[in-house]
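We have chain E already, so just place chain L on it with the hints.
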Amino acid sequence: MPDLGAYAGAVLSAYAVTLVLLGGLILLTWRRSARIKAALAKIEARND
Amino acid sequence: MSIWKYANPSEFMRISRPALVPLTVLTVICLGTGLIWGFFFTPDDYKQGSTVKIIYIHVPSALMAINAWLMMLVTSLIWFIRRHHVSALAARAAAPIGAAMTLIALFTGAIWGQPMWGTYWEWDPRLTSFMILFVFYLGYMALWEAIEDPDKAADLTAILCMVGSVFALLSRYAVLFWSQGLHQGASLSLDKEENVSDVFYQPLLFSIAGFVLLFVLLVLIRTRTEIRARRLSALMQREMADA
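As they're listed, the protein sequences go chains E and L.
When you line the first sequence up against the numbering used here, it's residues 1 to 48, in that order.
When you line the second sequence up against the numbering used here, it's residues 1 to 243, in that order.
It is worth saying that the hints were derived from the structure and are not from the lab.
C-beta atoms are modelled at their ideal positions from N, C-alpha and C, and glycine is treated no differently.
Be a bit skeptical, because a hint or two may be false.
Pairs of lysine-lysine residues, derived as BS3-like cross-links and limited to a Cα-Cα distance of at most 30 Å, are as follows [claimed, not checked]: (1) L:LYS5 to E:LYS37; (2) L:LYS47 to E:LYS42; (3) L:LYS47 to L:LYS152; (4) E:LYS42 to L:LYS5; (5) L:LYS47 to E:LYS37.
Computed Cβ-Cβ distance ranges for the label pairs, DEER-style [to be verified]: (6) E:ALA6 to L:ALA146: 44 to 50 Å; (7) L:LYS152 to E:GLY24: 27 to 33 Å; (8) L:GLU11 to E:SER13: 41 to 47 Å; (9) L:ALA241 to E:SER13: 49 to 55 Å; (10) L:ILE132 to E:ILE26: 35 to 41 Å; (11) E:ALA8 to L:LYS152: 50 to 56 Å; (12) E:VAL20 to L:GLU11: 34 to 40 Å; (13) E:VAL20 to L:PHE41: 20 to 26 Å; (14) E:LYS42 to L:ILE3: 32 to 38 Å; (15) E:PRO2 to L:TYR201: 37 to 43 Å; (16) E:LYS42 to L:GLN202: 34 to 40 Å; (17) L:ALA241 to E:LYS37: 40 to 46 Å; (18) E:LEU19 to L:ILE15: 17 to 23 Å; (19) E:ARG32 to L:GLU11: 20 to 26 Å.
The shape of chain E in the complex, shown without the other chains:
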């Protein structure tokens, strides 16, 4: 861990906010994709 000195709180919180927002975006994208994919596969199987 680098020595961030007096600004450690600012730097770490900036990275934390970014990682949380990007992680949340990726998670929501992946979850919706999986949910729609499964629902479509189910209805297509029913219609075959």
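Chain L in isolation, oriented as in the chain E frame:
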């Protein structure tokens, strides 16, 4: 061969699928390299101290916040002119990513601003136009959700996107229009001989490449999901009509 054949939903699904894995690998490599190099292996700035490390997330996210909206503008215009559904769905898919990028840029800018400017927020032209851009993102997403007819929703959101483009461009060029703002000039510019010092510049380029690739990857995945969601909705309506 016409590029418009890729606007066909099944053709788009076929072409985009093999791109997902290599794009994911490249994104992880670039983003990982940029952030790890920038955070752990760059020195402090003589003026900004360790807060200079925020540049590796603030600059790329601000860049993507503006460019995501410009990408939405292009796809909205394509929808308006050629009525290709994939382009309207790509614009819809990009909006939450652009909103997240704008939020990251606003948060990291405020966090950096407190120790450097002595304030989290100032009604400076660039900061204010960025805040308005974020509100446009929220309005754009709300409009898509509020209108049931997808073609009508695509038309109205495309108009909103064209109006919002003024603020996207303003966010980029506000520093040049108004000299009284608190925000400094662009950290990177193609027409400058030297941007930031090389020791910060190289990891920053990796980080920017990582953010761009992440945006492209997420837009592809989300557009594919939107295409599937539209097919799902059509099949459900057909089942209900048959019942």
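We went through each hint and held it up to the structure:
Of the supplied pair hints, the one linking LYS5 (chain L) and LYS37 (chain E) holds, its CA atoms being roughly 24 Å apart against a limit of 30 Å. Proximity of LYS47 (chain L) to LYS42 (chain E) is assessed by CA-CA distance (about 59 Å); at most 30 Å being required, the pair is judged violated. Between the alpha carbons of LYS47 (chain L) and LYS152 (chain L) the distance comes to roughly 52 Å, so the proposed pair goes past 30 Å and is violated. Under the criterion of a C-alpha separation no larger than 30 Å, the hint pairing LYS42 (chain E) with LYS5 (chain L) is consistent with the structure, at around 29 Å.
At most 30 Å may separate the alpha-carbon atoms for a hinted pair to count; LYS47 (chain L) and LYS37 (chain E) exceed this at roughly 51 Å. At about 47 Å, the CB distance of ALA6 (chain E) to ALA146 (chain L) agrees with the hint of 44 to 50 Å. The supplied range of 27 to 33 Å is met by LYS152 (chain L) and GLY24 (chain E), whose beta-carbon atoms lie about 30 Å from each other. GLU11 (chain L) and SER13 (chain E) have their C-beta atoms about 45 Å apart, which keeps the hinted 41 to 47 Å range intact.
In this structure the hint that ALA241 (chain L) and SER13 (chain E) lie 49 to 55 Å apart at CB holds, the actual value being about 53 Å. Checked against the hint of 35 to 41 Å, the pair ILE132 (chain L) and ILE26 (chain E) fails, with Cβ atoms roughly 27 Å apart. The beta-carbon spacing between ALA8 (chain E) and LYS152 (chain L), approximately 51 Å, falls within the hinted interval of 50 to 56 Å. Taken as a hint, the range 34 to 40 Å holds for the pair VAL20 (chain E) and GLU11 (chain L), whose Cβ atoms sit roughly 37 Å apart.
Restraint check, VAL20 (chain E) to PHE41 (chain L): a C-beta distance of roughly 24 Å satisfies the suggested window 20 to 26 Å. Under the hint 32 to 38 Å, the C-beta atoms of LYS42 (chain E) and ILE3 (chain L), about 34 Å apart, fit the expected range. Between PRO2 (chain E) and TYR201 (chain L) the C-beta distance comes to about 19 Å, which lies outside the given range of 37 to 43 Å. The supplied range of 34 to 40 Å is broken by LYS42 (chain E) and GLN202 (chain L), whose beta-carbon atoms lie about 49 Å from each other.
Checking the proposed 40 to 46 Å range against ALA241 (chain L) and LYS37 (chain E) shows it is violated: the Cβ atoms sit about 24 Å from each other. Distance hint for LEU19 (chain E) and ILE15 (chain L): a CB-CB separation of about 32 Å, inconsistent with the stated range 17 to 23 Å. Remark: the range hint 20 to 26 Å for ARG32 (chain E) to GLU11 (chain L) is upheld by a beta-carbon distance near 23 Å.
In this structure, the earlier hints numbered 2, 3, 5, 10, 15, 16, 17 and 18 are contradicted, and the remaining ones agree with it.
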